[in-house]
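Here the protein sequences come in this chain order: A and B. Converting from the first sequence to our numbering requires adding 1169 to each position, the first position being numbered 1. Converting from the second sequence to our numbering requires adding 45 to each position, the first position being numbered 1.
Where hints are given, some of them may not hold.
In silico DSS-like pairs for lysine-lysine, Cα to Cα no more than 27 Å straight-line [as the list claims (entries may be wrong)]:
(1) Lys1263/A with Lys153/B
(2) Lys237/B with Lys1403/A
(3) Lys237/B with Lys1418/A
(4) Lys1188/A with Lys1403/A
(5) Lys175/B with Lys215/B
(6) Lys175/B with Lys1418/A
(7) Lys63/B with Lys1418/A
Residues from chain B shown here face chain A by an in silico Cβ test under 10 Å; the list is partial [stated by the list, open to error]:
(8) Asp105
(9) Val163
(10) His193
Derived list of chain B stretches under chain A, where covered just means 3 residues or more per stretch with a C-beta under 8 Å from a C-beta of chain A [said to hold, decoys possible]:
(11) 48-57
(12) 60-71
(13) 89-99
(14) 164-176
(15) 223-237
It is worth saying that the hints were derived from the structure and are not from the lab. Glycine included, every Cβ here is placed at the ideal spot set by N, Cα and C.
Take a look at the letters that make up each chain.
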Amino acid sequence: MLKTRVIPVILTDGLSQVKGNKFDSWRTVGSVLSAAKVFSTRDVDELVLLDVAATESNLTANLELISNLAEFLRIPFAVGGGIRKIQDVENILKNGAEKVIIGTALVEVPHLIEQAASEFGSQAIVCSIDSGCDGGAYTYTRSGKNRLDLSIIELAHLAEDLGAGEILLQSTLRDGTLSGFDLESISKLSKVSSIPVIASSGAGTYHHLHQAILAGADAVCAGAMFQFTPHTPKGAREFLSEQGVNVRK
Amino acid sequence: MSVEVLDLGINNLRSLTKSIESLTRTNVNVVGKASDSHGGALLIIPGVGNFGTAMRRLHDRNLLQTVSSYLEKGNAILGICLGMHLLGIRSEEDISALGLGLIDAEVKLLPKASGARVPNVGWLEVEVSKSNQKQFTRFSGKDFYFTHSYFMNPNDINDILFMSNHGELKFASAVNHENVMGFQFHPEKSSKNGASLLSEILIWANVKN
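Could you put together the complete structure from these sequences and hints?
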């Protein structure tokens, strides 16, 4: 049986690792490479690297980072933030990432998803959807700056139709708060999605991860939880295993 | 003896070449066109992307010649993920393209009806199907990282090395026919299990002892 994945998230502003609160108040907390190395030695299931500043210049700078990560990571990693052109997708994959994560472009440049999925395969394309409220009645793009009157379900259907392979479901309300996932959104989405759903934003305890999985998530992410609390990816897998969740041993 | 990897220009080779270099003492030679090849014990066909695009590039870059050369000399060929699919006859991903035909198999889209999500992404166990390759039997029950929407369906059950489950469907997660081998998952992205498997593959291919 496919194992449920526990995926650490590393956020960057293009220079260093950052932490935020509700998609705002970003502050520098360290080096991306160091964080990735630590997670690598801890043998995590997968890694997500997201550039929250997502400027044009960052995309180019990040390629070197991605290449460095590919040198030592023997697990898959996904990269996102500001991807708007097929060349961005190609560069990121060629430099060593397994998947790209596309958020804003899903709405602003939908053809990109279609083209990328066709050229690189759906499994290389993750669409991120940022829920603006519990239950996902409305969403955001542009790192929480642009509100859309589209629900997470509407965006998810769009992503799936265009050929995305997975959905990364985030919450602008809960990100960085360590207060738990938007379980209502996870539940709603996992019932209608035929592609895997990765739940993110809000994990603060192992119990939160378990709740997200019970709500239907195929994989769970944790950012601040693994950086600022004593909780570890290994501890998470052990806890989940004890609860009967099928995780990688 | 050496290892060569085909460069089809559509995927990253660093993780793979680095993984192999850490297990052997030789550098992996990247072959982007036929004249780049010096021959070797093992030719790896990696892959991310599209079956049709990959086969067209193989043709355009004259790499079929490289593949044939390895076969003629009785050396080993390894296909990973899309590279494994290319070993087959044809794929539903692009029916206009013919595969290498080294494994008697068609490549099909994973059925949603089998009760699991498509693409198949994540860590999944393999079960050894073919026990005459003793060095691979210890991988039964071990997890490897899969990320694919298509799977290979060998016509000869003896060509199946590993099997895995996708919902209710059992599919070939590794194939082997004489000196040709293929893996659906990514050994270079499967952490310790993957490194261990790569090590066995290198021994099987007579790259190292």
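Quick rundown of the hints versus the structure:
1. Lys1263/A with Lys153/B: holds (26 Å)
2. Lys237/B with Lys1403/A: Holds. Lysine 237/B to lysine 1403/A sits at ~15 Å (cutoff 27 Å).
3. Lys237/B with Lys1418/A: Holds, because 12 Å separates the two Cα atoms, which is no more than 27 Å.
4. Lys1188/A with Lys1403/A: holds (22 Å)
5. Lys175/B with Lys215/B: holds (15 Å)
6. Lys175/B with Lys1418/A: This hinted pair holds, its Cα atoms lying about 25 Å apart.
7. Lys63/B with Lys1418/A: Roughly 25 Å between the alpha carbons, so the hint for lysine 63/B and lysine 1418/A holds.
8. Asp105: With Cβ-Cβ at 16 Å, over 10 Å, it is violated.
9. Val163: holds (7 Å)
10. His193: Interface hint status for histidine 193/B: holds (6 Å vs cutoff 10 Å).
11. 48-57: holds (count 3)
12. 60-71: holds (count 3)
13. 89-99: With 4 residues closer than 8 Å to chain A, the region 89-99 of chain B meets the three-residue bar; holds.
14. 164-176: Since 7 is at least three, the answer is holds.
15. 223-237: holds (count 6)
The structure fails hint 8 only (numbered hints given earlier).
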